[in-house]
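Asker: Keeping their order, the protein sequence lines are chains R and C.
Going by the working numbering, the first sequence opens with residue 1, and the numbers climb by one from there.
Going by the working numbering, the second sequence opens with residue 1, and the numbers climb by one from there.
Source of the hints: derived by calculation from the structure; they are not laboratory data.
Quick reminder that beta carbons are idealized off the backbone N, C-alpha and C, glycines included.
Be careful, since some hints might not be right.
[Stated by the list, open to error] Here are the simulated BS3-like cross-link-like pairs (lysine-lysine), alpha carbons at most 27 Å apart as the crow flies: (1) R/Lys155 x R/Lys59; (2) C/Lys230 x C/Lys14; (3) C/Lys194 x R/Lys53; (4) C/Lys194 x R/Lys59; (5) R/Lys41 x R/Lys59; (6) R/Lys155 x R/Lys53; (7) R/Lys4 x C/Lys36; (8) C/Lys194 x R/Lys4; (9) R/Lys53 x R/Lys41; (10) R/Lys155 x R/Lys41; (11) C/Lys194 x R/Lys41.
[Unchecked claim] Here are the simulated distance ranges between beta carbons: (12) R/Val64 x C/Leu165: 23 to 29 Å; (13) R/Glu129 x C/Val76: 40 to 46 Å; (14) R/Phe119 x C/Val76: 40 to 46 Å; (15) R/Lys41 x C/Trp192: 19 to 25 Å; (16) R/Asp131 x C/Leu175: 56 to 62 Å; (17) C/Ile201 x R/Arg27: 18 to 24 Å; (18) C/Gly180 x R/Asp153: 38 to 44 Å; (19) R/Lys41 x C/Ser181: 29 to 35 Å; (20) R/Gln166 x C/Ser181: 32 to 38 Å; (21) C/Ile74 x R/Phe169: 36 to 42 Å; (22) R/Pro117 x C/Val249: 46 to 52 Å; (23) R/Leu22 x C/Leu175: 22 to 28 Å; (24) C/Met131 x R/Ala25: 29 to 35 Å; (25) R/Thr104 x C/Lys39: 56 to 62 Å.
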Amino acid sequence: MISKRTELWVGIFVALAIGAALLLALRVANQGMAGGGETYKLTARFDNIGGLKPRSSVKVGGVVVGRVSRIYLNEQDLVPMVELEISSEYEQTFPDTSSLSILTSGLLGEQFIGLQPGFIFPEDLEMIEEDGVCQSAPYENCPYLTEGEEIFDTKSALVLEDLIGQFLFNQGSD
Amino acid sequence: MSFLHDLGRSTLQKVSSVGASSIMLFGALFAFPKWKNIKLTIEQMYVVGVQSLLIIMVSGLFIGMVMALQGYTILVNYGAEGSLGPMVALSILRELGPVVTALLFAGRAGSALTAEIGLMKATEQLSSLEMMAVDPLRRVISPRFWAGVISMPMLALIFSAVGILGGHVVGVDWLGVDSGSYWSIMQSTVEWNKDVVNGVIKSIVFALVVVWIALYKGYSCIPTSEGISKATTQTVVFSSLSILGLDFVLTALMFGIS
Numbered sequence: 001m002i003s004k005r006t007e008l009w010v011g012i013f014v015a016l017a018i019g020a021a022l023l024l025a026l027r028v029a030n031q032g033m034a035g036g037g038e039t040y041k042l043t044a045r046f047d048n049i050g051g052l053k054p055r056s057s058v059k060v061g062g063v064v065v066g067r068v069s070r071i072y073l074n075e076q077d078l079v080p081m082v083e084l085e086i087s088s089e090y091e092q093t094f095p096d097t098s099s100l101s102i103l104t105s106g107l108l109g110e111q112f113i114g115l116q117p118g119f120i121f122p123e124d125l126e127m128i129e130e131d132g133v134c135q136s137a138p139y140e141n142c143p144y145l146t147e148g149e150e151i152f153d154t155k156s157a158l159v160l161e162d163l164i165g166q167f168l169f170n171q172g173s174d
Numbered sequence: 001m002s003f004l005h006d007l008g009r010s011t012l013q014k015v016s017s018v019g020a021s022s023i024m025l026f027g028a029l030f031a032f033p034k035w036k037n038i039k040l041t042i043e044q045m046y047v048v049g050v051q052s053l054l055i056i057m058v059s060g061l062f063i064g065m066v067m068a069l070q071g072y073t074i075l076v077n078y079g080a081e082g083s084l085g086p087m088v089a090l091s092i093l094r095e096l097g098p099v100v101t102a103l104l105f106a107g108r109a110g111s112a113l114t115a116e117i118g119l120m121k122a123t124e125q126l127s128s129l130e131m132m133a134v135d136p137l138r139r140v141i142s143p144r145f146w147a148g149v150i151s152m153p154m155l156a157l158i159f160s161a162v163g164i165l166g167g168h169v170v171g172v173d174w175l176g177v178d179s180g181s182y183w184s185i186m187q188s189t190v191e192w193n194k195d196v197v198n199g200v201i202k203s204i205v206f207a208l209v210v211v212w213i214a215l216y217k218g219y220s221c222i223p224t225s226e227g228i229s230k231a232t233t234q235t236v237v238f239s240s241l242s243i244l245g246l247d248f249v250l251t252a253l254m255f256g257i258s
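Whenever a hint applies, use it, and build me the whole structure from the sequences.
Answerer: What follows is the structure, encoded as structure tokens:
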């Protein structure tokens, strides 16, 4: 009843729509992080997070390694806490002396977290090899950042009003 | 007194037409599980979907190109032409894709549906079907309804994809925005669930409304040549207005208040 030509055209139409959906999924939208998939969680405590938002990126020297998953207030100390999801690709890569700072991309750009990798003492490296502290579950002595660990060395976002206030204060004291 | 008479009559007419259109929608919705209708639906998808493809793709291309051109001339003042990609992609995926597709669809396919069914009614084809114990809702209305509801989200997806590619043609190939930043900033801004899926939900809602109005206007028209022309006009006017109104409501629900 339906001519072959009609069927062919409807087939082409559906194929075009699927192609468009694929283009939108793969080329236009981001499917999670680069590579997607497994992540591990870190927390960090800041004094002021400025304009940081959930899903802001975490970058090491410009390379995106993770995203901010949650921002909340620590109810005891009343300071902002930031939860980070770092790609498992970078598990046991960053030393736990690494520091975080909130940076801005460009003049009008969005804010992101810059992770500055720290260092590892040579005796810690020996300890890793001898005692195997980084091989199984309680990673207490492991000198790398691992699941659930908190980063203490953080630098807050720059707030323009604070900067101007400091500047005026310095001018006044001269 | 005659004023009150008129008011009462028009109110009763409005209410009964709401009822009649709901009955028709109900009939069309629940006639789908009959799988023997699937061939009729595919045939209608050719008429409603495939034949709208050209107008959708051409307008998508030009709207994407215009967006890129206008966006570039403003963004370049701030040195932010890297943000051209997300600007084009977000405005097309969230608003222009679903809305313009629905408006074009109402003009291209909705009016044709109304005229076709109106003429079927005027030439008493619908009554003859009933005489042969064939339910016109099942045989005529339902395939057209489902073909429209299935086709329009697909048309909107194609519109968005073509529009973003058109923006690439003007922004990157002509005006010299960096191709890498066009795509990568777009990828880091556009979210699948929030932007693409919400656009598709919008176009499904618009499809329901447009096809419903088109079919009901045809089904209930006064069976004269004048009546059909009036019904066709009303289809285009009513569906365009309801698309724009619903778009505001849906945008407020999806992106407005969190």
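Asker: Please go over all the hints and tell whether each is borne out by the structure.
Answerer: The hints, checked one at a time:
1. Taken as a hint, the R/Lys155 and R/Lys59 pair is honoured in the structure, with Cα atoms around 15 Å apart against an allowance of 27 Å.
2. Only pairs whose Cα atoms come within 27 Å are accepted, and C/Lys230 paired with C/Lys14 is accepted, the gap being roughly 17 Å.
3. At most 27 Å may separate the alpha-carbon atoms for a hinted pair to count; C/Lys194 and R/Lys53 meet this at roughly 16 Å.
4. For the suggested pair C/Lys194 and R/Lys59, the alpha carbons sit about 24 Å apart, so the restraint of at most 27 Å is met.
5. Of the pairs offered as hints, the one joining R/Lys41 and R/Lys59 holds, with about 15 Å between alpha carbons and a cut-off of 27 Å not exceeded.
6. Between the alpha carbons of R/Lys155 and R/Lys53 the distance comes to roughly 16 Å, so the proposed pair stays at or under 27 Å and holds.
7. As the CA atoms of R/Lys4 and C/Lys36 are separated by approximately 18 Å, the hinted pair is consistent with the 27 Å bound.
8. Between C/Lys194 and R/Lys4 the CA atoms are separated by roughly 39 Å; this puts the pair beyond 27 Å, and the hint is violated.
9. A threshold of 27 Å between alpha carbons decides the hint, and for R/Lys53 with R/Lys41 the separation of about 17 Å falls inside it, so the pair holds.
10. A hinted pair counts as satisfied when its Cα atoms are at most 27 Å apart, and R/Lys155 with R/Lys41 qualifies at roughly 19 Å.
11. Distance hint between C/Lys194 and R/Lys41 is fulfilled; the C-alpha atoms sit about 24 Å from each other, no more than 27 Å.
12. Evaluation of the 23 to 29 Å hint for R/Val64 and C/Leu165 yields a pass: the beta carbon distance comes to about 25 Å.
13. Separation of R/Glu129 from C/Val76 is about 56 Å and departs from the stated range, judged on CB atoms against 40 to 46 Å.
14. Taking 40 to 46 Å as the suggested C-beta distance range, the pair R/Phe119 and C/Val76 conforms, at roughly 43 Å.
15. At roughly 23 Å, the beta carbons of R/Lys41 and C/Trp192 sit within the given window of 19 to 25 Å.
16. A beta carbon spacing of about 60 Å between R/Asp131 and C/Leu175 agrees with the range 56 to 62 Å that was offered as a hint.
17. Remark: the range hint 18 to 24 Å for C/Ile201 to R/Arg27 is upheld by a beta-carbon distance near 21 Å.
18. For C/Gly180 and R/Asp153, the Cβ-Cβ distance of about 33 Å falls outside the hinted range of 38 to 44 Å, so the restraint is violated.
19. The beta-carbon spacing between R/Lys41 and C/Ser181, approximately 31 Å, falls within the hinted interval of 29 to 35 Å.
20. With their beta carbons about 35 Å apart, R/Gln166 and C/Ser181 fall inside the hinted range of 32 to 38 Å.
21. Taking the beta carbon of each, C/Ile74 and R/Phe169 are about 39 Å apart, inside 36 to 42 Å as hinted.
22. Evaluation of the 46 to 52 Å hint for R/Pro117 and C/Val249 yields a pass: the beta carbon distance comes to about 49 Å.
23. The given range of 22 to 28 Å is respected by R/Leu22 and C/Leu175, whose C-beta atoms sit roughly 27 Å from each other.
24. In this structure, C/Met131 and R/Ala25 break the distance hint of 29 to 35 Å, their C-beta atoms being roughly 50 Å apart.
25. Taken as a hint, the range 56 to 62 Å holds for the pair R/Thr104 and C/Lys39, whose Cβ atoms sit roughly 59 Å apart.
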